[in-house]
Each structure stands twice: as structure tokens, then as C-alpha cells.
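Engineer: Note that the protein sequences, when read in sequence, are chains A and B. Take the first sequence: its position 431, counted from the start at 1, is 430 in numbering that gives the first Met the number 0, and no numbers get skipped. Take the second sequence: its position 353, counted from the start at 1, is 352 in numbering that gives the first Met the number 0, and no numbers get skipped.
Everything labelled a hint here was simulated from the structure, so no lab data went into it. Backbone N, C-alpha and C fix where the C-beta goes; we use that ideal spot for every residue, glycine too. Please note that the accuracy of each hint is not assured.
What the hints assert, rightly or not - Label-pair ranges, simulated between beta-carbon atoms:
hint, chain 1, residue 1, chain 2, residue 2, range
1, A, Leu423, B, Asn87, 55 to 65 Å
2, A, Glu136, B, Thr117, 52 to 62 Å
3, A, Glu105, B, Ser568, 48 to 58 Å
4, A, Ser243, B, Leu88, 46 to 56 Å
5, A, Asp438, B, Gln12, 54 to 64 Å
6, A, Glu122, B, Lys461, 30 to 40 Å
Listed below, chain by chain, are the residues.
There are 2 protein chains.
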Amino acid sequence: MQRTHYCGNLTEQQIGQEVTLQGWVQKRRDLGGLIFIDVRDRAGIVQTVFNPDISKEALEIAETLRNEYVVEIKGHVIERAEKTKNPNLKTGAIEVQVSDVKVVNEAKNPPFTIEDNTDVGEETRLKYRYLDLRRPELARVFKMRSDITKTVRNFLDDEGFLEVETPILTKSTPEGARDYLVPSRVHEGEFYALPQSPQLFKQLLMVSGFDRYYQIARCFRDEDLRADRQPEFTQIDMEMSFMSIEDILEMNERLMKKVMKDVKGVDIETPFKRLPYDEAMSRYGSDKPDTRFGMELTDVSEIVKDSSFKVFAGAVESGGQVKLINVKGAAEKYSRKDIDALGEYAKVYGAKGLAWLKVTEDGFNGPIAKFFDGEIGEALKTAGEGEVGDLFLFGADKKSVVADSLGALRLKLGKDLDLIDQSLYNFLWVTDWPLFEYDEEDGRYYAAHHPFTMPADVEQLKTHPESVKAQAYDLVLNGYELGGGSLRIYQREVQEEMFKALGFTEESAREQFGFLMDAFEYGTPPHGGIAFGLDRIVMLLAGSTNLRDTIAFPKTASASDLLTEAPSSVDDAQLKELGIKVVAEPAKK
Amino acid sequence: MQRTHYCGNLTEQQIGQEVTLQGWVQKRRDLGGLIFIDVRDRAGIVQTVFNPDISKEALEIAETLRNEYVVEIKGHVIERAEKTKNPNLKTGAIEVQVSDVKVVNEAKNPPFTIEDNTDVGEETRLKYRYLDLRRPELARVFKMRSDITKTVRNFLDDEGFLEVETPILTKSTPEGARDYLVPSRVHEGEFYALPQSPQLFKQLLMVSGFDRYYQIARCFRDEDLRADRQPEFTQIDMEMSFMSIEDILEMNERLMKKVMKDVKGVDIETPFKRLPYDEAMSRYGSDKPDTRFGMELTDVSEIVKDSSFKVFAGAVESGGQVKLINVKGAAEKYSRKDIDALGEYAKVYGAKGLAWLKVTEDGFNGPIAKFFDGEIGEALKTAGEGEVGDLFLFGADKKSVVADSLGALRLKLGKDLDLIDQSLYNFLWVTDWPLFEYDEEDGRYYAAHHPFTMPADVEQLKTHPESVKAQAYDLVLNGYELGGGSLRIYQREVQEEMFKALGFTEESAREQFGFLMDAFEYGTPPHGGIAFGLDRIVMLLAGSTNLRDTIAFPKTASASDLLTEAPSSVDDAQLKELGIKVVAEPAKK
């Protein structure tokens, strides 16, 4: 038998037709001498009915069917009785009257039922990932993922991009995140590294004159995992020559517009809003602000710097800031205890405490209200646009701590108070990034994006590296970073200056990146690019909150594959061939 | 300035237009006060002319230009004088009269000139791969590669296939080729493996009901490299449920037909010819025969088994074979010395020598002619369809040696004698493969394809494993294997029988593949698939003979990347974190 239709695609249009289906038993009900079986395939579910008047043999087989059996069914599509129609199901107006059925394969009782609202733990679902992937919800996510990559490929192809594959077995470069290493058998004692991104190769393709490159590229980072990180992830990776930042942003806006239209059926407006990094940090306390709601940060340092409340005055005096967010109309909702809880939350982000004021008919209310009566109180109220019933929350600390803690509070309150319109897709470019970030622990500068980013001012790179801006841009959607890119350095002298600023010796720069700097000397065009996190795009467009739901076979937070049980110990013979030896006990699980 | 056209796309259609070009200086000629510069970009080359009457400034800049400088040029497209038109160049009827030129980046003199017919060694070209990739010939190959994947993706998408990514960090399974290993930092002493193919994951996707899966998948094998092998390679990988072999072959014929039409503009006939494995070996001495020419192998064992030539009689007596190929009309061309050289060639493939006969007016000629006069000689001549002037070459040995040596000789002679019509694309399915191959060295059976291949007869698997056929198929083009696949085992009992036949203990089978056998118990549909080697397809369609030409950044035969110098030694700190130690000296290069 050969399938004529997917189960989930049958509608009134097929009434009267004979169809052949292949799928899984979702549910069986025995009712008044008939048997009803919901059959599921990747397109959805359809109800089939076994009637002894149609086929006694089929009914007898139906009696043996259990959940998740694989069946082939032949029958006629008929209209359901009016009162049994199910308007919530695409196939709900019809059913299939079975004339023939065949058990293709049997099934044990699965460890959890194949339904969207399963309450089984994620560990079990990952161990039996092949059953988890049967859930219609996940099937939908992977259809969407496939649709997104299709749209992206077609768009980039139309724009003249060539798809080029770059190596997975590459050279280890300690700058950046931790590499996964691969021991070499032929060159014993030496190692390949899995790429953190195709960065250097895509730049070399520009040197080669490929002009426009793209790849849906697998990347690897051996980092301690967080909920939204995976050891391997997928990037929509592109690089182009002779294009300005304007050209690159405009083209990527059209790409996103097309993805949103084709995949979600949503029209989004272009051009996207743009925020310089400094402004994003200042107004939202975040380099990836969720702009679907207000509650922006207000700098009140100038107002409070001379106040008698020493915490505020002292913060300003020692070079820090005092900022507030106005939680509109929330004074009543938040008890002192609630605000204490917010204070604890702020402490996670480095704040030492959380000062607050409630706006009343008669000035402010709260433990520090006494410091803010009269003129200074009025000035504060005006600056914060305070109205009766508002709650002011303050950050007073170093600039970065104020941004982090108030930025995090703003997001939490936005969610808690349901201020976010979930139907919005707020795309936003964050531009004018700093070129470097200073790491206090290591006492050195690191590249904020990567060491190949073009500085906005090459002279300044030599004289005042700490304040140089990067020709870099990030794309943010609803508070998530979708990806980022930059114009790249394409002159050897500038790249050398960059490495110098990062503390490389001439020798270490040459050893790690000599081939790139050599390449720059043979006629390199100006170029730039961008890379988007595909997994995260899928997650956001699918409305999921779990990155693992977007990856067919994901790993846990400890980088394990619970299904295949990787990583695992290997034969000594294998290690001997590689010229390596395990010196640790494999017992840390 | 923004590019208006690619250099290589300018034709008479743009005459009179002002254009802006961005590209590389291919060649400069100073001639009668004018300067001619050929400018190259990824689309091709166009001639530009600098005339002091148009712009003195531009001419002055042109005087400074050297090969591989990056330039931006503005000018008008004009028709060339009739006698200076170059009909061999797409842009040969026009030139660009330059009004403005800008040096975007300078270039050192490259270590080799950027031309298709470069005679520099491959080592230098790989070290400067970014320059090598500028050669129009390679640019063309990568355009074709991108076009092939585009066609494949669109075809499979139309057929309802979902693109799904499977993990690169997976579990090591010693069965099969050697794995690349990746030490785990979190689970010290344990290792991931890079996948040799997505085989198990794509089967699990079928268990999940994905129904049709594809992926352009990176695969890895740590094997000793041959000219046509790379440590990482790319597969067009697919798997489908509920399809018969006929369905799968028919769909893939349509896929290949479309690729050939879209990429090469060639119409190929479907259905493709099919040859059972045994017949391919018997007629061509090869499991991937080049059927563009004849010279088939003829079995003459029955004729010669009683002959007085002991080598032939003995070969048959001890269970072997005697076969011949008839090199038509070649008796004159091949001297005794030439034939000795062919004998040496046959020895590489295991033959102990090469017996031969030339057909003359008076029977045979040659050292063994005396054994084959009279009736037996007539019978031999008839069997080999010998005519005067033909050369018979014989193999007399074990069946496999006869096949290998005569098969190789046939191919060599086909090339040497120019018997192959290079315009043909002979697609061919080789079917009915043996399920197992016996390895004399190891004294055990190995899976001819892989251990997940469905046997043609499950009962026979239990009783006579050595003679079971596999439900497997390979696609061959002009003597190259493009790929292969099979129906898969989808029942636990059959998979267990398979592992047993391969000499697995119950425990080792469970340890390595337990998750797959478990999965088979939860409702697994019948399924099968196929995988094609993308690199090889590109090589054949591009008319190249070097697999490295199809890979942007390939590795050498010793698995080195000469450009980035991978693999390389790494910091001790990195190894310490991984809990491993190098026990070999890194000095074997």
C-alpha cells in the first residue's frame, strides 16, 4: 500500500474518496460495537472508525491495536455526524471509515504519552528523544526551523550569495571562548579545534573575491552551559565585500522582513529602529533592550548629588550614578515585603540594596522619604514623571551595576505586571559598540566583539584604545540578541595595532593569525558580515522558551546526550593511536 | 561608490551606460599613451581603458596599479574597435572608458599568478589558498557547488522533506571506520566522537515520525587518506519512511535528472539501468562499473579447465576462475614489452601474472598460443568474440583477484585507448549487494554497507549469513560511486540477529546500540535512505579530477591544513582542563 494523504491533511474536500494512511495509533475508544482510533502522522491526527458492517476483519484487528502501534489503513472519508464534529481539529469535520487495516509494527507502552501537555521530566524526554519528537508541538517547531532556513537560503541566493562550507577541523586559537579539541592521529601530540565560528575562513573568502558568502554553519564552544546555551549551535553566517554598514543593515532588514512574512505571516516595519550602545545602556540598562514597553531608566544623579541621603550623594561623589525607574501605579500593589523581594533580585545583579519611594498626595512615602521633601523632592518627582500611586525604584552605584540591576528589575517588572504586548516583534539595531571591554580580573582589554572588528577611528586606537568605538552592530528582537556583526579590519597595519592593543606580542599574533595578516597584503577588499543564532530565532518565532526544543538532539546543561550516552569512555587502543592518555578519573558525573 | 555591475557580466547591452566596478587588477598594458587594465571579479574579467583625454588624474593613478590591487572604477561602456574584439571573452566586445579610479587596497606581488593554467605546486596553492581560490576555474567550481546544493534542497523540499540538523558531537562506535574523538572537559576522561554519518540519528527521526528527512551533512573519518578522500566530507543525506526500494530509486532518479538539467543543462534518461552486484562483478570486475565502453569480462573457465596450460586448469581446479577481456584491434598496438607493463599493473591488483593471446589469421600468437590450437582455441576465440588483430588478456586466479585485476586493466585500457565518450553521463544502480563481507585478516564478517541494512531474507540471516543479500543499492556514475543506501532494519529481533552475525556479544551490542534497539520497540515504521557524496558529485560535474578542488579549504593527504597550519600543538593548560596528557612526541611531520 502507498499513502495517498497525510492524516492531518484530510478535510471535507476528500469526502467520498478512498484514502490510504500510514501512521501511529494516538488513541483508541471502543463505543457501542464500533472502535474509534485516532491516527497520527507528522501532519496531524485524524479519526478513523471501525464498523463491523464495513469490515469484520478490520474490526478484529482494531481490537488488538494499542497506542503507538504503526498502522496502514485503507478507507473512505465520510462526514461526521453534525454533533460529533470537532471544530478545534483541522480534520474535525470528517472521519475515515476503515475497510482494511494492517499492523506494520507493534509498540510497547511508551514511558510517557505522546501529547503536548506532558508533565514528564525533561530528563526522561531527552532519554527518549525519539518519542518526545513525536509530540505535535515539537513537530511544528522543526517544520518551522526547516521553513526558516529555506526562506533564508532563497533570499540570500537571490541576493547573489554563494553557499560555501568551511572546515570543522580547524586550528585552535586561545583568544575567545574555550575550544573543543580533536587529537590528531597522523600528527601525534597535535590537535585540531572545532570552530567557534567560521570568522577567519569567511574573511579569507572575501580576500578570494567570493564577494558574498553565506553558510548555515555549525559552531562549537566548550563553555559552562546556561539554559540558553548548547555546546554546538547553528549560525546563519554571512560575509560580503564592498558594502557599507548601511548596505548590510538594509539587506538584513529585508531578510528578516521576509522570514517574518513567510514563516509567521506577520508584516514588520522597516527600517528597524536603531539605538547606539550608550543610549541603550542609559535608557534600558541593557545592550539588548526589550522595547515593547517603557519604564525607562532616568538619571537623577544631578538632582540627588547634594541630598542628605548619603547613599545617593556618596554614589555620585565616587564617580557612580543614581537612576530610577518609575513603576507606574504600582505603589499599592507592592508591599514593603514585595519590595524587599525585588531588592534581593537586584542584589543578584550586584546592587547592594534597593532604595524606593512611593508617590502620594503629600510628597513621598517610604523609609528614605524624609530625605526628599521640599524642592529636591519636587525635582525628583518631575524627573521621574511621578504621579500619585507610582513607585520609584533606585539604583545608586557604579554605572555598570546601576545598569545591570535596574535593567534586570525593569524586565522582571515588565513581565510581572504584564506590560508586554506579546503580539509585538520589536526588531532593533544596537550600534556604535565599544571596541574593547576591560576585564578587571585579568587586568586587560578584550575585544567586545572579536579582534577582527574595524575600529571607528584607527588613530584613536593607537592613542586612546579604551574609548574607541567599533563599526559593529547587533540585531535585537524583544530583548534577545539575534545576532551581530561588524565591518572587518582589512589592512595589515590596523590588524597589528589591534593585536597590540589586546596585549598580543608580535610573535603570538603572528603564530595564531599570521596567515590572515599575510592574506591582507595580497589585495583584500573592504568587507563585513553578520551572524545570527538560528536556534534562538527558531525559539522566538516558535514562541518557545527552551532552546533545546529547537534542536533535534540537544545536550543537557552538563553537555551530555542522554539518548546515546555521549560522551563516553573509549578503548585504550583508540587513545594509544592518538598518542594521548587520560590522566583524570572518569567519575565526575 | 556602489557597484552597478559585476565586471564579468558587462556586454554590448550596457554600451553607453555609466558603470561602477569593484575588482582586482588582472593585467596592465601600457600602449601608445593609453593604459589598458583587465579588471577581475567573481563573474569574470573586463577590459578598462585609461585615456588622458577622458581623465588625466585617472591615468596617473593607473600608472601606479599593479597586479591584484583592489580598485573601484567608474566609466562608460563603449564598443571596442572591430579588430580588437575578443570573441573568446564574454565581455570581449566592449571595454570601459574610465573617468574615475580609486585604489581600495594595494597588493604585494603574489607567489603565483592568478590564472587557470598555473604550474605552481599544489602545496604552495594550498598555503595561499585565498589566492588559489581567485582563479576563475575554482570560482566556477564553487558556483557550481552552490548551485547543486540549491537544486537538491529545492527538489527535496518540494518532495516534502524536512531539513534537520543532527549532532556533530556524538558517541563513539568502534564498528566501522576510525572515529575522530573529542575529549570532554565536563566529563573528564570521556570522549565525544565526530559522526561518520548521521545514520543512527536519521533512523531515530523516522522513529519519531518525521517521515522524510534530509541534510547536507558534514561527516568525518580518521582514515589514512587517499587522493580522493578527505578527513571531513559532505553528504547529501536522506531518509524516508514507508517507501519501497522502487519508490526510493525512482525519486532519486528524478533528483539526479533535475541536477543534471539545472546545473549542466544536460538531459539524462530515466529510469537508470540496474545491475545486480554479482552481474556487475562478473561482467565488469567492478562494483562501480564504468559502462561508457564495453570490453566486458568473459568467463572461459569451462573452456580452459581441461587445457594443458596448467595455470588455467589449476586456477579452475582450485575453485578459481579464468576470464578474459578482448582488447579489440589492439594486437598490433601492444608489443610484448607493453603487455609486460600491463602485467605489472595487474600485479598491483593481486594478479600473479598476465597471460595473453593475439588473434591472427592462423589462430593465436603469443607464448601460450601452443596450448590453444585446434578445438579449444576455436572455442576460446568464439567465447571472446575474437577477430583478427584482437588482443586477449587473461585473469586466472581466485574470483576476487580475477575481478580486481581484469576490472582495473579494463579501465586502464579504456582510458589509454580513448574508448570513453566523455560526453556521456552513465548513471547506473548496482543492486542486490551481499549483506556481509568476510575479512580474512580478522577472520570475521563485516557489514558490507553497515549493520543497519535490511537483509533480503531474515531466515537466511540466521542459517546462512554468508550468502544473504542486502536490500541495498549504490548509484554509480561513469565508474564512480556517487552514493548508496538501503532499506533499514526496523525490528529489534532482526537487529539483534544482525549483531549476532557480526560477532557482537549481547552486551557489546546493547552498550553501543542499545538506544536504537530500544527505539525499535516503540512503534518504528519501515524506512530506508540514501546518501550521496557531494564533493564527488561536484568533482564529476565540474569535470575535475581532484577532490580538493571542490572543497574551499581542503586538507592534504596527511590531513593537514597548510593555510592555518592545523593541527597544531596546544597549551598544557588546555590539556589539563581536559584531563588528558600527550604521551607521544609531536615530531612525526
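Engineer: Could you run down the list of hints and mark each one as holding or not?
Structural biologist: Hints, one by one, checked against the model:
A beta carbon spacing of about 58 Å between leucine 423/A and asparagine 87/B agrees with the range 55 to 65 Å that was offered as a hint. Between glutamate 136/A and threonine 117/B the C-beta distance comes to about 56 Å, which sits within the given range of 52 to 62 Å. Between glutamate 105/A and serine 568/B, the C-beta spacing of about 55 Å keeps the proposed range 48 to 58 Å intact. Checked against the hint of 46 to 56 Å, the pair serine 243/A and leucine 88/B fails, with Cβ atoms roughly 31 Å apart.
In this structure the supplied range 54 to 64 Å holds for aspartate 438/A paired with glutamine 12/B, their Cβ-Cβ distance being about 57 Å. Restraint check, glutamate 122/A to lysine 461/B: a C-beta distance of roughly 38 Å satisfies the suggested window 30 to 40 Å.
Checked against the numbered hints given earlier, the structure breaks only hint 4 and satisfies all the rest.
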